[in-house]
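J.: If you read the sequences in order, they're chains A and B.
For what it's worth, the numbering used here labels the leading residue of the first sequence as 1, then goes sequentially.
For what it's worth, the numbering used here labels the leading residue of the second sequence as 302, then goes sequentially.
Worth double-checking, as some hints may not be accurate.
With a Cα cut of at most 20 angstroms, we get these calculated DMTMM-like pairs of lysine to aspartate or glutamate [what the hints assert, rightly or not]:
hint : chain 1 : residue 1 : chain 2 : residue 2
1    : A       : 22        : A       : 203
2    : A       : 224       : A       : 239
3    : B       : 676       : B       : 769
4    : B       : 899       : B       : 913
5    : B       : 566       : B       : 491
6    : B       : 931       : B       : 921
7    : B       : 855       : A       : 203
8    : B       : 853       : A       : 191
9    : B       : 455       : B       : 439
10   : B       : 455       : B       : 403
11   : A       : 22        : A       : 191
12   : B       : 460       : B       : 921
13   : B       : 399       : B       : 452
14   : B       : 676       : A       : 39
15   : B       : 855       : A       : 191
16   : A       : 224       : A       : 191
17   : B       : 677       : A       : 203
18   : A       : 46        : B       : 854
Estimated spans, in silico, between C-beta atoms of each pair [unchecked claim]:
hint : chain 1 : residue 1 : chain 2 : residue 2 : range
19   : A       : 32        : B       : 853       : 41 to 47 angstroms
20   : A       : 284       : B       : 474       : 42 to 48 angstroms
21   : B       : 470       : A       : 284       : 41 to 47 angstroms
22   : B       : 914       : A       : 27        : 47 to 53 angstroms
23   : A       : 193       : B       : 568       : 55 to 61 angstroms
24   : B       : 821       : A       : 5         : 27 to 33 angstroms
25   : B       : 915       : A       : 32        : 45 to 51 angstroms
26   : A       : 193       : B       : 679       : 35 to 41 angstroms
27   : B       : 839       : A       : 266       : 42 to 48 angstroms
Keep in mind that the hints were calculated from the coordinates and are not lab data.
We treat Cβ as the ideally placed atom computed from N, Cα and C, and that holds for glycine.
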Amino acid sequence: MISLAMILFASLIFTGVVVRTKSLASGRKGPGILQPLKDVLRLLRKGTVFSETTSFIFQIASSIYFVSVLMAILVVPFGQSKGLISFDGDFVFFAYVLALGKFFSIISAMDTGSSFEGMGASREALYSMLAEPAFFVLMGSFAMLTGHTSFHGIFTALHFSSHVSYALGVLATFVLIMVAMIENSRMPIDDPKTHLELTMIHEVMILDNSGFGLGLFTYAVNLKFAMYGAIIANFFIGDVPWYYAVLVFTAVQVLFAVIVGLLESFTARFRMAHNATFIFTLTSASLLIFFGVLLLMGKFI
Amino acid sequence: MTFLLIYLAILAAALLSVPFLKVMAKGLVTVAAVISCALLSSYLAGNVLVGSEFEIIMPGTLVTGEVPIRIDALSAWFILVINFTMITGALYGLQYMKVYREQSANLSLHCIAYLLAQSMLIIICSVQNSLVFLFAWEIMAVSAFLLVIFEHQKPETLKAGINYLIQSHVSIVLLTVGFIWVAYRMDSYDFKAIGEFSAAFGGVNSFVLFGCFFVGFSLKAGFVPFHTWLPYAHPAAPSHVSGIMSGVLIKIGIYGILRMILLVKTDFTVLGYFILFVAVVSGVYGVMLAILQHNLKKLLAYHSIENIGIIGIGIGLGTIGIGMNNSLLTTLGFAGALLHTLNHSLFKSLLFFSAGNVYQATHSMNIESFGGLIKKMPHTAGLFLVASLAICGLPPFNGFVSEFLIYAGLYNGLGNSAPTLVLAIVASLFGLALIGGLALLCFTKAFGVVFLGTPRPCHPPQAELPAEANAATLVPMYAIVALMLAIGLFPGIFLEALSAPLAAFQAKMPGAENVAALPENVRQIATSIGWCAAGFLALAGLVIFIQQKLAKEKPLAIAPTWGCGYVGDASRMQYTAGSFVRSYRKLAEPLFSIHKKKRPVEGIFPTDGWQETHPYDKAEAWLIDLPLRKLKHFIGKFQFLQNGNPQFYVLYGVVFIVLVILIPVVMGSIGLLLKFLNQL
């Protein structure tokens, strides 16, 4: 329960912090921290325009996407306390329920019959396919290290003891940040602020969404960021009382948001053709973690 | 015994009456017979799953020896899986075949072949005498061949059918070799002899024996590289036949492999690694090729290979579990494999039936020529969507449950101390995750391009607008969806039904007598998955309800899709299936041989340009086409013998007869001569 509350709280300010960092980095004052949230609320109150090409798929897709992110959040624990849903292998459910949302966002883009949105859909499907193994191998490595197969079990049993384990933590954080960037279609994979449809992924898929549906899609991005932030925070919380945990959690979320802001300020988007190679590199990073774990456990000769 | 007699009586009555009935009655009698045969055998099978094994020893003949009919838990599970899809297939086929009602004789053959295929599948599952097994296997193969070549006036259908017939006979040869080897050593055709054989002769013998059976059964199941008949046979067959072929016929290969695992005694760890390797390769290779297909049914056929791979990963894991004496690994592996067998038979038949609806409405299977069908065929589109979600392994449907069990097995195996196992498991995890992602890519493409967007210009243009299939066609399809949802929401019940077959696999491990076949934590996981699925559905329903409620109060506008300023007809500018997977194709190109033909748009006054891609299977090119070419070349050298001159043929006959008479005489004289020389 506490994890849900914390993630929801983080999701309210996350994008605001990102936007603030970006504007500060580019020498502007920038909007308030809560501005993205106000944008979402405004969208939720608006009426909707549907394309005449679309079918019921388009109408339900935004809701299903949103709910899939929400279900995934319910699985994420917070320090010592479990998520609302917790069972052995819950991170498989986590990944698959997110994939369900993605399935619907892709077909809703195809539903509009637009050439732009098809382009985004095609890219989203390809990139999320390439990112999938990285997450599973990453979780596999930690499952092996801790002997547990649920988020909660892994995070409570995870203790950083040696130099190698710190290196693993850093690598895992890197992989998770990058997975989050891919999932949310951010730099360096995709530039949400670009003005050319041909170079977008996520933004081009929701070109025809408006009103409530667009609000859900937009807020789901915030939720997803906060969710990955929570998973990263869990790596570092360890066995501490809840008030410290809340502090660590907030610090990690803010730091994550600042990193995202800085990444978006100072990196350029990859060429689309290079994205696939880059994403596959993540899998090798997670394989590196796996071999690191083997090394730690002395299974490696 | 009475059951057996009633069953045979129904079957015989149906088989004998079908040719003499009117067209409509043929179909009805067949469906009635299929259903009653299915009910009878399912009743027996259901009893077995609850606890009482069924065994009758028939006296048999002089050749076969005693014929034991044993239905154990494994057979029972497969009989139930087979019967459900056979019933829905028959009901769907009844409607599907209406278009062909002119071809009365052809339909008689089709009905008879369908009835025979069902009964032979059930007999294969229950008979444990290798000779009778082979007879049933042969009849099944031939009747499936007859089912496939229903439209035999089309040359490509006949070619696909013959391709299948030849490959299934290669499989029969391998099975025969295996069975005869055992019979020669143990002097018995009972399946029990296989177990005794592998207990009596060392590990290598059993391993080779298992390899022989494995390849034989793999040819039926479609493991890579024995899969090449599937992508031809499935598109050629009528849709309900594709559905039952992909749903249950190839599963009989899985049954065979599982049966052999239960029978042989060998080094199960090595065996498990072997199966795991073949399975991961099959899974990834199947789906990678599926994405590139432009023919809807061919795409689905390649997905069967992928799903057989997933089932194989489960079997491999379970087998490793037996070898390492790890009871949880055994349970999760085999539970995943057996449940996925059921699941795949459900969603794959549903996909093929939906593809059949699309075919009957549009007379095309080319994905690129569809578009916007969801408006004309909302039910078919919805059913296809549900099946696509299930085949991608997404919650809340059944595919997720079985894939989850396999994942759970994989993660559980990581706790093991053997480094080889850990490496194998990470490779499988990688493969399984990749399969999931690729399946998502493939089915967003298939569903998106076929059903969504606006109709694409097709060649040749359609005479009439496509329309939804009639209600009677949709009923069996919705029945499948109901079962799929039931598995997704209440996986516990189905796992409970699996505990008897699982116990049989557990019994392979030494000291496993007091281990529960279905440990408490697996039960809990199943319940959790069910709750999560239900929770997801409830939450999604709630949000959609809120959305609809809010939408009523707000202004709602209908406008054209945003075209970036372009206001003309944009249907030709839509993303096509080819462009949807273009980036993927570029990545995967080195692995496959993709033949491309194109005429680019160039010059100052360009005429029309076009591009064609034909993905081709490299495994097929190397393993089927190349040897075939060599064989043709070799046999071609003897072509001079067949010169079309009758006098020569008479001469061959004379030469043959002379040789037949002379050889024994000559051999006899040589023998005499040798004897004489010896005496000297």
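J.: Measure nothing beyond the straight line between the CA atoms of residue 455 of chain B and residue 403 of chain B; if it is 20 angstroms or shorter, mark the hint as holding.
T.: 17 angstroms, holds
J.: Compare the distance between the alpha carbons of residue 676 of chain B and residue 39 of chain A with 20 angstroms, and conclude whether the hinted pair is satisfied.
T.: 34 angstroms, violated
J.: Sort out whether residue 191 of chain A lies within 20 angstroms of residue 855 of chain B, counting only the CA atoms.
T.: 32 angstroms, violated
J.: Is 45 to 51 angstroms right for how far apart the beta carbons of residue 915 of chain B and residue 32 of chain A are?
T.: 57 angstroms, violated
J.: When you take the CB atoms of residue 284 of chain A and residue 474 of chain B, is the distance between them in 42 to 48 angstroms?
T.: Cβ of residue 284 of chain A to Cβ of residue 474 of chain B: about 44 angstroms, so the range 42 to 48 angstroms holds.
J.: Does 41 to 47 angstroms hold as the CB distance between residue 470 of chain B and residue 284 of chain A, or does it fail?
T.: 45 angstroms, holds
J.: In this structure, is the beta-carbon distance linking residue 193 of chain A and residue 679 of chain B contained in 35 to 41 angstroms?
T.: 38 angstroms, holds
J.: Under the criterion that the straight-line Cα-Cα distance not exceed 20 angstroms, is the pair residue 677 of chain B, residue 203 of chain A satisfied?
T.: At roughly 30 angstroms apart (the allowed maximum being 20 angstroms), residue 203 of chain A and residue 677 of chain B break the hint.
J.: Cβ-Cβ distance between residue 32 of chain A and residue 853 of chain B: within 41 to 47 angstroms?
T.: Violated - the Cβ-Cβ distance for residue 32 of chain A and residue 853 of chain B, about 33 angstroms, lies outside 41 to 47 angstroms.
J.: Next pair to validate is residue 46 of chain A with residue 854 of chain B; report whether the Cα-Cα distance is within 20 angstroms.
T.: 10 angstroms, holds
J.: Just to be careful, I want the Cα atoms of residue 22 of chain A and residue 191 of chain A compared with a cutoff of 20 angstroms; is the pair within it?
T.: 13 angstroms, holds
J.: For residue 224 of chain A and residue 239 of chain A, compute the direct alpha-carbon distance and say whether it is at most 20 angstroms.
T.: 25 angstroms, violated
Of the numbered hints listed earlier, those contradicted by the structure are 2, 7, 8, 9, 14, 15, 17, 19 and 25.
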